[in-house]
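Please build the complex by placing chain B on the supplied structure of chain A, with the hints as guidance.
Protein sequences appear in the order of chains A and B.
FYI, my numbering numbers position 202 of the first sequence as 202, with every residue one higher than the one before it.
With the second sequence counted from 1, adding 354 to any position gets you my numbering.
These are calculated hints, taken from the structure and not from any lab test.
Since the model is a prediction, treat every value here as computed from it, not as a measurement.
We put the CB at the ideal spot given by N, CA and C, even for glycine.
Every clue listed holds true.
In the BS3-like style, the derived pairs of lysine-lysine whose C-alpha atoms are separated by at most 25 Å in a straight line are:
(1) A:K204 x B:K549
(2) B:K549 x A:K195
(3) A:K133 x A:K55
(4) A:K211 x A:K23
(5) A:K282 x B:K368
(6) A:K65 x A:K85
(7) A:K211 x B:K430
(8) A:K348 x A:K319
(9) B:K444 x B:K419
(10) B:K456 x B:K444
(11) A:K191 x B:K549
(12) B:K549 x A:K55
(13) B:K411 x A:K195
(14) A:K65 x B:K368
(15) B:K636 x A:K14
(16) B:K439 x B:K419
(17) B:K565 x A:K65
Computed beta-carbon distance windows for the label pairs:
(18) B:A408 x A:L338: 55 to 63 Å
(19) B:D585 x A:K211: 36 to 44 Å
(20) A:K204 x B:Q539: 28 to 36 Å
Some chain A residues near chain B, calculated using beta-carbon distances under 7 Å:
(21) S41
(22) P175
(23) Y216
Protein chains: 2
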Amino acid sequence: MSEPVMHHRTAEFKGIFARAQAKLAQVFFVDEVIILSASGSAAFEAGMLAAVPAKAKVLAINAGKFGERWLLLAQKYGYEVIEIKIPWGKTVDFKVLEDTLKSEPDIKAVMTTHSETSTGVLHDVKKIAKTVKQELPDALVLVDAVSSLAAAELRPKEWGLDMVSAGSQKGLMMPPGLAFVYMSQRAWASKTNLKPSFYLDIRKERISQQKNTTAYTSPVNMIYALDAALDIIIAEGIENLWQKRALYTEAILQSAELLGCSRFAQRVSPAVAALRAPEGIKAADIVAEFAKRGLRIAGGQDHVKEFLFRPAVLGYGDKYDVITVVAVLEEVLRELGLDIPYAKGVAKAMQVLG
Amino acid sequence: MSEPVMHHRTAEFKGIFARAQAKLAQVFFVDEVIILSASGSAAFEAGMLAAVPAKAKVLAINAGKFGERWLLLAQKYGYEVIEIKIPWGKTVDFKVLEDTLKSEPDIKAVMTTHSETSTGVLHDVKKIAKTVKQELPDALVLVDAVSSLAAAELRPKEWGLDMVSAGSQKGLMMPPGLAFVYMSQRAWASKTNLKPSFYLDIRKERISQQKNTTAYTSPVNMIYALDAALDIIIAEGIENLWQKRALYTEAILQSAELLGCSRFAQRVSPAVAALRAPEGIKAADIVAEFAKRGLRIAGGQDHVKEFLFRPAVLGYGDKYDVITVVAVLEEVLRELGLDIPYAKGVAKAMQVLG
Chain A
1 MSEPVMHHRT AEFKGIFARA QAKLAQVFFV DEVIILSASG SAAFEAGMLA
51 AVPAKAKVLA INAGKFGERW LLLAQKYGYE VIEIKIPWGK TVDFKVLEDT
101 LKSEPDIKAV MTTHSETSTG VLHDVKKIAK TVKQELPDAL VLVDAVSSLA
151 AAELRPKEWG LDMVSAGSQK GLMMPPGLAF VYMSQRAWAS KTNLKPSFYL
201 DIRKERISQQ KNTTAYTSPV NMIYALDAAL DIIIAEGIEN LWQKRALYTE
251 AILQSAELLG CSRFAQRVSP AVAALRAPEG IKAADIVAEF AKRGLRIAGG
301 QDHVKEFLFR PAVLGYGDKY DVITVVAVLE EVLRELGLDI PYAKGVAKAM
351 QVLG
Chain B
355 MSEPVMHHRT AEFKGIFARA QAKLAQVFFV DEVIILSASG SAAFEAGMLA
405 AVPAKAKVLA INAGKFGERW LLLAQKYGYE VIEIKIPWGK TVDFKVLEDT
455 LKSEPDIKAV MTTHSETSTG VLHDVKKIAK TVKQELPDAL VLVDAVSSLA
505 AAELRPKEWG LDMVSAGSQK GLMMPPGLAF VYMSQRAWAS KTNLKPSFYL
555 DIRKERISQQ KNTTAYTSPV NMIYALDAAL DIIIAEGIEN LWQKRALYTE
605 AILQSAELLG CSRFAQRVSP AVAALRAPEG IKAADIVAEF AKRGLRIAGG
655 QDHVKEFLFR PAVLGYGDKY DVITVVAVLE EVLRELGLDI PYAKGVAKAM
705 QVLG
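With the rest of the complex left out, here is chain A:
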């Protein structure tokens, strides 16, 4: 009654839900996306359980923290997991991928991240999918796009991806709390011998969502936010957004290189600028100095903790935020003992940004 929140089983809410769904599909370059009330990680689990038969052999391309997460997920659920382990910061060697697919012809699905946030690498999922189609045409390609959606070029249908998972809190400029799953027609058709799932059962969700509602209570306020965020993205143009994000990240990387840092990613993700700290400076100190100035940047995880730091300009960030990041980086490195002339990095950033 006096609830400040619109009830989720009303015609008004269904209208908003339908609109948000349609716009989300547009941004995904697909026809249909399932929306879950959960963090982005839940989407990969939901998609995998909905399409890959129990005990199937799956290939995990593990190139960082998130690649490892999906490998652990698959192991936990009893899939037979083959791993291609890639050093952090690197991309997959396509010869190795081809050979693995040739030598394990009963692989039913290949798992990969698109933008691997832990390393700043954008994996070439288009080429990965093409390679899989060539060697094992029936294997499904499962892609974690949590940090690449609305940040890097992503065309699941055109590229032949079978499952793409994403979340609300990265490129969509929203708070965390929504998870998204796209599945290809053949992934939807792959429905025999699945492991059970209940809350994350996107096959049940699909039946509800095709009627513009959700199987469980809808995260109404988040759906309003999604609807609004998608309007901004569509008005800007999704392709423009991809270019802008790539330019911003490149500007940070080139400026930082001039200041003594080095880029970590072999193939750069527009979602995050992964940087190796200059010799003799600890990444944790850079992160701490940024924090003192009120700016939050991510440090490195696991074995790259010592030297990696990862500034990112996502959400509503514009080119002046990029300049700010570079200005702060200059100041911080000076504070930590480097001798850097004023605006050396900022000049580079401005030049790259144009």
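For chain B alone, coordinates are given in the frame of chain A:
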């Protein structure tokens, strides 16, 4: 960087998370509650998978839409499910419960809803737990408290409940999007032969949450809202809130009875006033007439759709909202053909509210 949302791996956020966790435990009358980014339904699944061994025999007390949901959940995951099916609107017959527990001594867990939203019944989970302890001391008692938390008396530790699931969108006056799980010490200790779960794995979550963080991306904005909502509830006094909710629901029920409706629940849940429409009037018409006046009330589900409607005053609702509901009900019933003197129901509501 320019994110409008606080990053979830920061000391500031950890402080807020720790505070919200502690206050949530206080409102639950327990020591520890796990918080998930998901709808309330996910909490029951998470709790069940975290404590009940695979293939175990479980007893489902099915007294409505939600009781049925947990039965289906258990079946889907391959548990051996014994059912006590109760007519909608009724409570469990304790003789039947005792007999069932005696005749199926290998039952490992008993599932029940506390407030069954579909029928407006408050199930006596205290007595259910006592009965289970008497007959099968080792069986776990799993309780869905999604709509009873902060609405009806609930003392999981004192009553010996082993798992209690809840969500953010009912008594806590918040938008949907957070799920909560309490587990008893012996439920946490029951960790052999569990079915796998990943995103909803509260044993993994617990390790993170004991360090004031979450295993996956934290729903930061929802945690702020939780922190604020709990302050309001604790300031009001949780026991006062229970009394107030019960009084509001009773006021609606008694007024509606005077207007020709009848109460549906054998034992009334303070969370919702389940009412049978007067003879000759369709519940759907009452719901539609409320909607025309800008007030949303729930209709009936499944086989009670024809005659059940369910107004509720939760969230920030106060006694004047109760009076409004009754005034609208009067007007609506008059519109639908009943001859009701002005304020007949409202006078009763005011008398009950005092």
